[in-house]
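Can you build the whole structure from these sequences, using the hints too?
Number of protein chains: 2
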Amino acid sequence: MQKEEINRYLIEAKSHLVNELLPFWTSRMIDQKGGGYITHFDQYGKDTGEDEKSLIAQSRSLYTLSSAHRAGYGEGKLASLAGHGVDFMLHKMWDRKHGGFYWMMDRAGNVKIDQKILYGHSFAIYCLSEYTLATGDPRGLEYAEKTFDLIQKHCTDTRFGGYFEMFDRDWTLAGPGSKGGDRKTLDVHMHLMEAFTTLYECSGKEVHRRKLIEDIEILIHRMIHPEYKTGIPQFTADWRVAPQIKFDIVWGWDRYSGMGEKINPTDNTCYGHNAEFAWLLNHAIDILGMDHDHYLHLFASIFDHTIDHGIDTEFGGVFVEGPHSGGVYDKEKEFWQQAEVMIGLLDACLLFKNEKYWIAYKNVHHFVFRKVINRDAGEWYPLLTREGEPVWRHMGHSWKINYHTVRAMVQSVIRLKKLQDKQSFKL
Amino acid sequence: MQKEEINRYLIEAKSHLVNELLPFWTSRMIDQKGGGYITHFDQYGKDTGEDEKSLIAQSRSLYTLSSAHRAGYGEGKLASLAGHGVDFMLHKMWDRKHGGFYWMMDRAGNVKIDQKILYGHSFAIYCLSEYTLATGDPRGLEYAEKTFDLIQKHCTDTRFGGYFEMFDRDWTLAGPGSKGGDRKTLDVHMHLMEAFTTLYECSGKEVHRRKLIEDIEILIHRMIHPEYKTGIPQFTADWRVAPQIKFDIVWGWDRYSGMGEKINPTDNTCYGHNAEFAWLLNHAIDILGMDHDHYLHLFASIFDHTIDHGIDTEFGGVFVEGPHSGGVYDKEKEFWQQAEVMIGLLDACLLFKNEKYWIAYKNVHHFVFRKVINRDAGEWYPLLTREGEPVWRHMGHSWKINYHTVRAMVQSVIRLKKLQDKQSFKL
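From first to last, the protein sequence lines are chains D and Y. Residue numbers in the first sequence follow the numbering used here, run continuously in steps of one, and reach 580 at the last position. Residue numbers in the second sequence follow the numbering used here, run continuously in steps of one, and reach 580 at the last position.
Hints listed in this document are in silico derivations from the structure and should not be mistaken for laboratory results. Just so it is clear, the structure is predicted and the values come from calculations on it, not from any experiment. Keep in mind that a hint or two might mislead.
As the list makes no split between identical chains, a pair holds if one copy fits it or if it spans any two.
[Stated by the list, open to error] Listed below are the simulated EDC-like cross-link pairs for lysine to aspartate or glutamate, each with C-alpha atoms no more than 16 Å apart in a straight line:
| no. | residue 1 | residue 2 |
| --- | --- | --- |
| 1 | LYS358 | ASP321 |
| 2 | LYS245 | GLU205 |
| 3 | LYS306 | ASP420 |
| 4 | LYS575 | GLU414 |
| 5 | LYS199 | ASP444 |
| 6 | LYS358 | ASP323 |
| 7 | LYS186 | ASP259 |
| 8 | LYS230 | GLU295 |
| 9 | LYS358 | GLU295 |
| 10 | LYS186 | ASP401 |
| 11 | LYS509 | ASP444 |
Shown next as structure tokens:
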């Protein structure tokens, strides 16, 4: 029965992936005229015409197509669509003078914002490595390595460790404050872990392995709360907790007060990030061939905090954020947090074989399939009220694309199969 | 009278440089057969035939020739001899597969030790930048920048800041202990400051400036004693003071006990390094266009420690090393420490206009000119007893070359002229 129950979730996830998510994108994302991907769609899946191609949306789309191909979907079609996106990234978004990728282009491939933003470069490394792993085309790894080398040269803080994140086109470090040149964020250092994991998986090089391990050590020893193991969003260069402010260059719709600060700027943790950090770390440990046992206590702390404080047992789904010690500040529901918590909770089931994580997974799964997925289109609403009413309704944008949704289904299917395959598995 | 006194020292230094030091090297260093420089000479200036070309001796010789040319010596001849050394470094010592310079060659240009050692690469950056500044040949800066980029990629510790120092040929980090892969040294981080200063002087690039400033911050806030401002030789990766051990790859004849540790492995500071650090920092501040006032207290602490504990008022010259709080462990006299303290004390005279530094300078100057210089050859003995009797007598070796001696005279002449030019200058 347990096995049959898992099977129902597996079938639902796979069906959504194959019949809704992937077709939504493959049928409308290719820009034959301008190259690369069209990424702006309204709630009906209609192209909004917004004249933007962001590094985030292009690289995440390339990741989506490559990773789904590598996981066995699409019968080859996804690989060819991935190649279309690589061409645009390497021929249009790559800065031949200073190296690195521009932050924002128009659809025709002209530069709109030429700054070099580390957040975007972590996704460039991630998607280009995944593309070579998926297709064997060496161009992906070549440019992933070039990007890695540029980051090591320009972004590392050799004084305090870690990475600076915001630069001008020529990699001059940006100024302080809202320009972000004096901050270090959990978000970027977590996505570097994700990127370096796949880069190392692809290259097998010692330097990629070493910098991945160093980044993991930073995350564990600097960027999570010493007691609660919850993520802390922002730091000064010398690793003091910094008030969480809004940067001039944004990569999402995170909500701030009028002053550009969170209402609780120094005591704020995000459930989606915490679960994402845990499963990405678990994956990194796999790829590194290291011992999971050393990290079990950490994983238990993070997943317990997620289910104790982040799961809405009344209306279902995952809250946005709250204080480290527990409680919730923001009870709305963001699409990507549901996606990351689904993967994380399935990892928790596999690691700990404890029923409580399975119950929490089912909660989030149900909320996603009943409320978050826009059945008329096949993609997810980006933001909903606590009760599950859509607040924002667009399907695609520079900061809302297929990476979280498709990855959640690809990775959930892998994990649900593992759960199912364990004959002796009793939750 | 003060001015005339300074003039006597100036004339003596310049005469030694022009009539002894430079001719000693230019008349015998060019290897027409194997390329590059011959660097092994006995006390009579005779080639010992030792079949080694070390990265240290080749790069330091290139620095010597380039810097002396830039300072106005040699009537163009030194620039052409410098070009001869650049050819060997770029065509024979550069690893075309993995990048970077081999550690040790034979005279014919075959690799003897292929490891990548950061200490050597700091001198590569230093000499190649100085070569381009001196001659305008762009090859120097091109390879200095390539080396800088490799260091940023392979050597930075993104976890704790600073640089790892010992690598295999392919830049895999060396193991711990005597292999040195888990240590950070004052020596290397100080010479990186020296190298990045000249690289930035040559390139004017922001990234070179930024990494120079970060290295200076590490040196000031991590690597000198918080109370005495004296240099601490070795650290663990996470900046704990480490017992001073001998590494498998050596770049000098520093003396250790049978266990490969100093007799006082955790309370040991070197007068030559302290003064060298201070004047190199003073020079870096000049090149960066930063304010000296901020550092005056630091400089006073270092130079006062040097003259209070490092100067031998009985027999003259500079002791080797002692405890941070004062006193001396090793009363022998090493050639290079005399050289660096001479430059440092002249900086102290210019910064503080205090007679005590001038008295100390004269002490060291006299010791050098009466005891250390081997008048029969024109170069300096590498090691002497406290009283000034030579212990080692060779004039050149892989770890004893013209860099300290020629630089001391070039830099002393510049500083003695400045002292002399200050009409109103009263010590």
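Verification of the hints:
For the identical chains of this complex, LYS358 and ASP321 are inter-copy neighbours only, at 13 Å across copies versus 29 Å inside a copy, given an alpha-carbon limit of 16 Å. Only within a single protomer do LYS245 and GLU205 lie at most 16 Å apart by alpha-carbon distance; the minimum there is 13 Å, versus 50 Å between protomers. In this assembly of identical chains, the alpha carbons of LYS306 and ASP420 never lie at most 16 Å apart, being 33 Å within a copy and 35 Å across copies at closest. Within a single copy, LYS575 and GLU414 get their C-alpha atoms no closer than 47 Å, and across copies no closer than 55 Å, so neither meets the 16 Å cut-off.
Taking the closest pair of Cα atoms, LYS199 and ASP444 never come within 16 Å of each other, the shortest separation being 47 Å inside a single copy and 59 Å across copies. When the C-alpha separation of LYS358 and ASP323 is checked against a cutoff of 16 Å, the pair qualifies only between copies, where the shortest distance is 10 Å, while the shortest distance within a copy is 27 Å. For the homomeric pair LYS186 and ASP259, the shortest alpha-carbon distance inside one copy (12 Å) is at most 16 Å, but the shortest distance between copies (60 Å) is not. In this homomeric assembly, LYS230 and GLU295 never come within 16 Å of each other (Cα to Cα): the closest approach is 23 Å inside a single copy and 44 Å across copies.
In this assembly of identical chains, LYS358 and GLU295 lie within 16 Å of each other by CA distance solely inside one copy; the values are 13 Å within and 26 Å between copies. For a Cα distance limit of 16 Å, the shortest separation of LYS186 from ASP401 qualifies neither inside one copy, at 31 Å, nor across copies, at 61 Å. For the homomeric pair LYS509 and ASP444, neither the shortest alpha-carbon distance inside one copy (24 Å) nor that between copies (61 Å) is at most 16 Å.
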